[in-house]
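Trainee: Just need the whole structure built from these sequences, with the hints factored in.
For reference, the chains in residue letters:
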Amino acid sequence: MSELEYKLVVGLEIHVHLATRTKLFCGCELVYGGEANSRVCPVCIGMPGVLPVMNAQAYEFAVLTALALNCKIANFTKWDRKSYYYPDLPKNYQISQYDLPLGEAGYIEIPLETGRTKKIRIIRVHLEEDAGKNTHTLGNFSAVDLNRAGTPLLEIVTEPDMNSPEEVRALAVELQRIVRYLGVSDADMQKGHMRFEPNINLTITKAGSEHKTPIVEVKNLNSFRAVEKSVAFEVQRQLDEFAETGLTMASGNKSTRGWDDENEVTILQREKEEAHDYRYFPDPDLVPVEIDAEWLDEIKLRLCELPIEMQKRFVTEYKLSDYDAGVLTGDRFTAEFFDTAVKAGADAKRVCNLLTQTGMKLANEAGCNVADLGISAEDLSKLAKMTDAGDISATASAAIFEEMVKTKKAPDVIASELNLLQKSDAGELEAVVDEVLAANPDAVADATSGGKKTKKARGFLLGQVMQKTKGQANPKIVSQILDKKLS
Amino acid sequence: MADELLNLTCKQLRDKIAAGAVKSTAVVEAVLAQIADIDDTIGAYISTFNKHALETAEAVDEKIAAGESMGALAGVPVAIKDNMCTDLGATTCASRILENFQAPYNAHVVEKLLAADAVIIGKTNLDEFAMGSSTENSGLKRTVNPWDMERVPGGSSGGSAAAVAARMCFAALGSDTGGSIRQPAGFCGVVGLKPTYGRVSRFGLVAYGSSLDQIGPVTRDVADAALMMNVIAGRDKRDSTSVSEEMAPVCDYLEKLDEDVKGLKIAVASGFNAGADEHIRNALASALDIYKNLGAQIVEVKMPHLDYAIAAYYLIATAEASSNLARYDGVHYGHRTESPADYIEVYSKSRAEGFGAEVKRRIMLGTYALSSGYYDAYYLKALKVRNLIRKDFTNVFEKADCIIMPTSPTTAFKLGEKIEDPLQMYLTDIYTLAANLAGVPAISIPCGFDADNLPIGLQILSPAFTEEKLLRIARMFESKTNYHTHRPKPAEHTK
Chain A
1 MSELEYKLVV
11 GLEIHVHLAT
21 RTKLFCGCEL
31 VYGGEANSRV
41 CPVCIGMPGV
51 LPVMNAQAYE
61 FAVLTALALN
71 CKIANFTKWD
81 RKSYYYPDLP
91 KNYQISQYDL
101 PLGEAGYIEI
111 PLETGRTKKI
121 RIIRVHLEED
131 AGKNTHTLGN
141 FSAVDLNRAG
151 TPLLEIVTEP
161 DMNSPEEVRA
171 LAVELQRIVR
181 YLGVSDADMQ
191 KGHMRFEPNI
201 NLTITKAGSE
211 HKTPIVEVKN
221 LNSFRAVEKS
231 VAFEVQRQLD
241 EFAETGLTMA
251 SGNKSTRGWD
261 DENEVTILQR
271 EKEEAHDYRY
281 FPDPDLVPVE
291 IDAEWLDEIK
301 LRLCELPIEM
311 QKRFVTEYKL
321 SDYDAGVLTG
331 DRFTAEFFDT
341 AVKAGADAKR
351 VCNLLTQTGM
361 KLANEAGCNV
371 ADLGISAEDL
381 SKLAKMTDAG
391 DISATASAAI
401 FEEMVKTKKA
411 PDVIASELNL
421 LQKSDAGELE
431 AVVDEVLAAN
441 PDAVADATSG
451 GKKTKKARGF
461 LLGQVMQKTK
471 GQANPKIVSQ
481 ILDKKLS
Chain B
1 MADELLNLTC
11 KQLRDKIAAG
21 AVKSTAVVEA
31 VLAQIADIDD
41 TIGAYISTFN
51 KHALETAEAV
61 DEKIAAGESM
71 GALAGVPVAI
81 KDNMCTDLGA
91 TTCASRILEN
101 FQAPYNAHVV
111 EKLLAADAVI
121 IGKTNLDEFA
131 MGSSTENSGL
141 KRTVNPWDME
151 RVPGGSSGGS
161 AAAVAARMCF
171 AALGSDTGGS
181 IRQPAGFCGV
191 VGLKPTYGRV
201 SRFGLVAYGS
211 SLDQIGPVTR
221 DVADAALMMN
231 VIAGRDKRDS
241 TSVSEEMAPV
251 CDYLEKLDED
261 VKGLKIAVAS
271 GFNAGADEHI
281 RNALASALDI
291 YKNLGAQIVE
301 VKMPHLDYAI
311 AAYYLIATAE
321 ASSNLARYDG
331 VHYGHRTESP
341 ADYIEVYSKS
351 RAEGFGAEVK
361 RRIMLGTYAL
371 SSGYYDAYYL
381 KALKVRNLIR
391 KDFTNVFEKA
401 DCIIMPTSPT
411 TAFKLGEKIE
421 DPLQMYLTDI
431 YTLAANLAGV
441 PAISIPCGFD
451 ADNLPIGLQI
461 LSPAFTEEKL
471 LRIARMFESK
481 TNYHTHRPKP
491 AEHTK
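Keeping their order, the protein sequence lines are chains A and B. So for the first sequence, the numbering used here puts the first residue at 1; every next one is plus one. So for the second sequence, the numbering used here puts the first residue at 1; every next one is plus one.
Heads up, some of the hints might be wrong.
[What the hints assert, rightly or not] With a cut-off of at most 30 Å between alpha-carbon atoms, the simulated BS3-like pairs for lysine-lysine come out as follows:
no., chain 1, residue 1, chain 2, residue 2
1, A, 133, A, 118
2, A, 118, A, 191
3, B, 349, A, 133
4, A, 219, A, 191
5, A, 78, B, 391
6, B, 480, B, 262
7, B, 384, A, 82
8, B, 16, B, 489
9, A, 206, A, 191
10, A, 254, A, 82
11, B, 360, A, 82
12, A, 385, A, 409
13, B, 292, B, 302
14, A, 82, B, 262
15, A, 319, A, 382
16, A, 406, A, 452
17, A, 78, B, 360
18, A, 319, A, 254
19, A, 456, A, 468
20, A, 349, A, 312
21, B, 384, A, 78
22, A, 254, A, 118
23, A, 78, B, 237
24, B, 237, A, 82
25, A, 476, A, 319
26, A, 470, A, 406
27, A, 300, B, 480
28, A, 300, A, 312
29, A, 133, B, 360
30, B, 381, A, 78
31, B, 349, B, 418
32, B, 381, A, 82
33, A, 409, A, 118
Since the hints were made in silico from the structure, they are not lab data.
Mentor: Here it is as structure tokens:
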């Protein structure tokens, strides 16, 4: 059946934990993990008589993200109760936003293969509280841990605009980059800060007519790999299923599947979409949220240049490769550190090389990012300029970089302390060259012979000069002088 | 001597205690003795805090002896409806499902009372989760009316009203979702005030209908209601619906209480009042005459949407209740069924065993009203009616300072009389529901007795956040009458 023509159609629902100081509706500090049920209070465990109070920081983080996703921001929203019974949901309703989400009709631009980007439309962005966690390790009993209950959770729903597993992954990665740039989420996949639920089906063309396969929703994916692999798996599975059954999309035949990370297959969870009745209604314990122009402007001030914009700018303005620009814009601090160093007058490619070849290695060892190595962007810029000017060799620049991190001294200070400054004074070097030429007439003869020994003899002479200057001669200049003398 | 003490109002008592003329300890002992004497019969309290109360009283007495400045209710024994959380004793909501529930915190109003140096005597009985009009829906015990032991005290704050009337405390807190403070106050011949929605923090009040619930005082006279409001009213940032000081500043409700409202205009919706019993209509007419003699002008008004208040109320309140009570599931706290087959049975059996019939009825009604396909026809329609009722009030308050109507269509009815017929029971709330739907304050004050010597309540409603004026209007009537000084004689019945 592989000769069938098909088009993959995927929409994503994404949940992102916001890194606010406290939970969404109570004063509990937001700290990951901890002993079960140790990070709770009467409000987040839904004791009788308690009332929720909205965390304004969470709302601002949510609006900031919606703005970065180019959404229209609602100036009036409210909170709704979504009712369902589950042991990890203490009130048996979740406070969410139903018909008035805080952001709507936006888009996210995702980077694809070299240089190309694609806009994926965003349907809505809303804020809600997360539930706790059920664990099933006690035999006949399940245990409930409510530490996570009440964590602000941003839900983002896209249009089904993605057409390959790679695009789905790219969106997930790009969204992680955005929320980290904005500082609204740690977006740590290991800690479940981001969860993805793709809705997947195919449009198959067979004998000139189009057939849509039933939609499958894969629940709770928490790694980029799982996102990409599960979509890829579904493509083949749905193709096979269609070949076997000819089943097409119809009302009520959407199914839900889980992802088995070990065997890399999706597993059926619910055959038919259940007719959930969440009995949404406005939460009478909370007041509507109205964002006036002043508040919105205040939030807008916290927007930054988006990673994809920065990446494109580094390519066009700084002539970096898309790959290098992608590496540098992986996180905001590295990108801004790089940008500042370049704006201080250094060559972009040189700064890029210093950062990607030496800086990132050092940062990795230190467990931080390059902006936190303790050196200033200005000193990095200086180091790059010294290298380009020939004051130091490229090899020496790496050593100096390491020393800067260790001693926090300026690059020129380190270069002179370690005798790494190159001699570029042509007059001084010419004298040394003359000395060497005088001492090695045979080599001079070979070098000027034009024969097969020329190259080797020239290299020997250059080596002699370097030796005499204890390696501090700028080889470029020595080479120029040799060229002149031997011609 | 003890009896004389028990007959004092809060204000009189706290002045005597503050002056050192009476010891709080003596008062608490007298109250506990009164409870020991008659509460087996009346059944006002679910729990009492004898030891705590005596200790608190001793501490107050010592501080007063030492000349320390004290709170507004220093040494005064008060009771709390058992749907407000206290870290002392259980908070049961008169429900089997919370029978042994120990709250880890105090409700805002409880904090306020403690800060005012009040002595908390105990927690009073109610209709389970405040759902009812007779306190007969209590899952834990029966409360009777101190004026007639065969009659209901009203509800849902029946325990609070009975305790205040029968001198088992000097004031009590109730909660009012559709009349639950005013109707039992009327039935028991005491004063009951439902403040404006947002005036008193609901933090720690176990929710029934969140958009309607409001805590208020049950007292023996209007001055005590004002005094209690001085203690409990005000902004609390833990309740998002509590109103800011800028929007509606709290004032000293006692300060000008005895000043008559000049040029008072009273609205009466005569057509609406026609359904009340004759002796109630007569008492209302007499009350209006008293106001006329005080120079008030009576304005006839139409409030066309009040007829729909019961329907709207029982949809909105039950819808909210169905959601508010979802948390009592046997998983986290409260009653849990023995050996459930699976987690679904933890829910279904715990709830089936823990909730009483009326609570189940309202949860089902509310669930239905919010269900997809019915939401628009029921819940949404009810919200629209609610808006129309609000407009009725706005219109009337353009022409008048207040509205006067009965608190209830009848006086206290017999135990068991209506309990088998929920609709008849719901109809007893006809005059009280509208204030909750509109969010406006309303007070019930004693205004007479029927042929069986049962108290009659007069209800006065005023615009949002005008409690100060409302209390003054009520005080005008009270100062010309002595109905509030009558007291039931439960001790004679119990002997």
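Trainee: Each of the hints needs a verdict: does it hold here or not?
Mentor: Taking the hints in turn, this is what the structure says about them:
no.	hint	in the structure
1	133(A) <-> 118(A)	36 Å, violated
2	118(A) <-> 191(A)	29 Å, holds
3	349(B) <-> 133(A)	23 Å, holds
4	219(A) <-> 191(A)	17 Å, holds
5	78(A) <-> 391(B)	23 Å, holds
6	480(B) <-> 262(B)	16 Å, holds
7	384(B) <-> 82(A)	22 Å, holds
8	16(B) <-> 489(B)	25 Å, holds
9	206(A) <-> 191(A)	44 Å, violated
10	254(A) <-> 82(A)	21 Å, holds
11	360(B) <-> 82(A)	20 Å, holds
12	385(A) <-> 409(A)	16 Å, holds
13	292(B) <-> 302(B)	20 Å, holds
14	82(A) <-> 262(B)	50 Å, violated
15	319(A) <-> 382(A)	20 Å, holds
16	406(A) <-> 452(A)	47 Å, violated
17	78(A) <-> 360(B)	29 Å, holds
18	319(A) <-> 254(A)	47 Å, violated
19	456(A) <-> 468(A)	18 Å, holds
20	349(A) <-> 312(A)	15 Å, holds
21	384(B) <-> 78(A)	18 Å, holds
22	254(A) <-> 118(A)	27 Å, holds
23	78(A) <-> 237(B)	18 Å, holds
24	237(B) <-> 82(A)	24 Å, holds
25	476(A) <-> 319(A)	25 Å, holds
26	470(A) <-> 406(A)	25 Å, holds
27	300(A) <-> 480(B)	63 Å, violated
28	300(A) <-> 312(A)	22 Å, holds
29	133(A) <-> 360(B)	29 Å, holds
30	381(B) <-> 78(A)	19 Å, holds
31	349(B) <-> 418(B)	28 Å, holds
32	381(B) <-> 82(A)	20 Å, holds
33	409(A) <-> 118(A)	44 Å, violated
Violated hints for the displayed structure, listed by number in ascending order: 1, 9, 14, 16, 18, 27 and 33.
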